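Visitor: Line order of the protein sequences matches chains A and B. Position 92, counted from 1, in the first sequence is what our numbering calls 363; the numbers after and before it change by one each time, with no gaps. Position 25, counted from 1, in the second sequence is what our numbering calls 95; the numbers after and before it change by one each time, with no gaps.
What the hints contain is simulated information worked out from the structure, not anything from laboratory work. Only a predicted model underlies this, so the values are computations on that prediction, with no experimental measurement involved. Any given hint might turn out to be false.
Short derived list, chain B residues pointing at chain A, Cβ under 8 Å [as the list claims (entries may be wrong)]: (1) Phe77; (2) Ser79; (3) Ser137; (4) Pro140; (5) Gly141; (6) Phe147; (7) Val150; (8) Gly152; (9) Gly153.
By construction, the Cβ of each residue, glycine as well, lies at the ideal position given by its N, Cα and C atoms.
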Amino acid sequence: MKYPFVKVQKEDFDLSTEIKALRTGHKDIGAVVSFVGTVRDINEGDDISVLELEHYPGMTEKALEEIRLEAHKRWSLQSSLIIHRIGEMQPCDQIVLVAVSSRHREAAFEAAHYIMDYLKTNAPFWKKETFPDGSTRWVDARVSDKEAENRWQKSASPTQ
Amino acid sequence: MLDIYYFASFREILGQSDEQLEATQYTTVSTLIESLATRGEQWQQALLNNTNLQIAVNHDIASRQTSLKPGDEIAFFPPVTGG
């Protein structure tokens with residue numbers, strides 16, 4: 272596998288299994304931080320019945336790997352993993368997992384936050400919502416997501 | 071040849087997901103866009119007069135100034151909304 276710590280898949284994932292794999296072979300891990308993104312049943316005030324995730328095969332994996340490696344440059348991390356689902360999902364389904372391990376908690380907390388913020392604005396995924404009446408809408412990019420990314424460019428020296 | 075891909079709302083608006091074009095006459099992304107924009111109003115609005123246009127060349131984010139060569143893969147898409 273080209274990027275073993277990046278997975279773009281239709282299948283659901285199991286948090287415990289993934290974290291166990293992330294910790295395997297590391298006796299120096301003192302902290303694991305994970306973030307799971309899930310499908311909301313309401314967006315912009317409208318009921319959502321289906322959320323479809325489209326992506327750009329090839330570029331997606333590369334972009335996620337670049338974000339992951341940049342996090343490893345900025346913080347002292349032991350291991351990290353990004354899983355992003357594609358295809359059709361329903362409300363309450365898991366969409367995305369970011370898990371990071373480090374010796375001390377600060378690095379893992381910050382790196383997980385960083386990876387999610389960059390994933391939101393740099394990985395080529397697009398969401399399309401289907402409403403109960405069958406009509407659809409492409410989700411617009413949020414200004415707040417871009418602001419969240421920009422925050423990391425201003426931040427001073429990261430916690431090691 | 072150039073491999074060109076359109077994603078998400080662009081794929082729907084332009085009515086196709088991908089195509090191949092002869093590479094020789096397109097030296098930059100900009101010259102390619104100007105040529106595609108002559109196909110009609112949808113193309114003009116999506117590619118030429120769209121400040122939100124995102125461009126990738128060979129899986130890296132690119133700009134209108136990025137130069138092109140035979141065999142390049144170019145993608146046009148709206149701002150990303152994953153996560």
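Visitor: Closer than 8 Å between Cβ atoms is the bar; does Ser137 of chain B clear it against chain A? Give me holds or violated.
Guide: Because about 19 Å separates Ser137 of chain B from the closest Cβ in chain A, which is outside the 8 Å limit, the hint is violated.
Visitor: Hint Pro140 of chain B vs chain A: min CB-CB distance below 8 Å?
Guide: violated, 19 Å
Visitor: Please verify that hint: Val150 of chain B, Cβ, nearest Cβ of chain A, below 8 Å or not.
Guide: Holds, about 5 Å.
Visitor: How about Phe147 of chain B: closest beta carbon in chain A under 8 Å, or not?
Guide: Holds, because the Cβ-Cβ distance from Phe147 of chain B to chain A comes to roughly 6 Å (cut-off 8 Å).
Visitor: How about Gly153 of chain B: closest beta carbon in chain A under 8 Å, or not?
Guide: Check passed: Cβ of Gly153 of chain B comes within 4 Å of chain A, closer than 8 Å.
Visitor: Report holds or violated for the interface hint on Ser79 of chain B, using the least CB-CB distance to chain A and a cut-off of 8 Å.
Guide: Nearest chain A Cβ about 5 Å off; hint holds.
Visitor: Are Phe77 of chain B and chain A close enough, Cβ to Cβ, to be under 8 Å, as the hint says?
Guide: This hint holds: Phe77 of chain B lies near chain A, its Cβ roughly 6 Å from the closest one there, short of 8 Å.
Visitor: Going by Cβ atoms only, is Gly152 of chain B closer than 8 Å to chain A?
Guide: With a closest approach of 3 Å, the Gly152 of chain B hint holds.
Visitor: Hint validation: Gly141 of chain B versus chain A, beta carbon distance must be below 8 Å. Holds or violated?
Guide: Violated, about 15 Å.
Figure legend: structure checked against the earlier numbered hints; hints not met, in rising order: 3, 4, 5.
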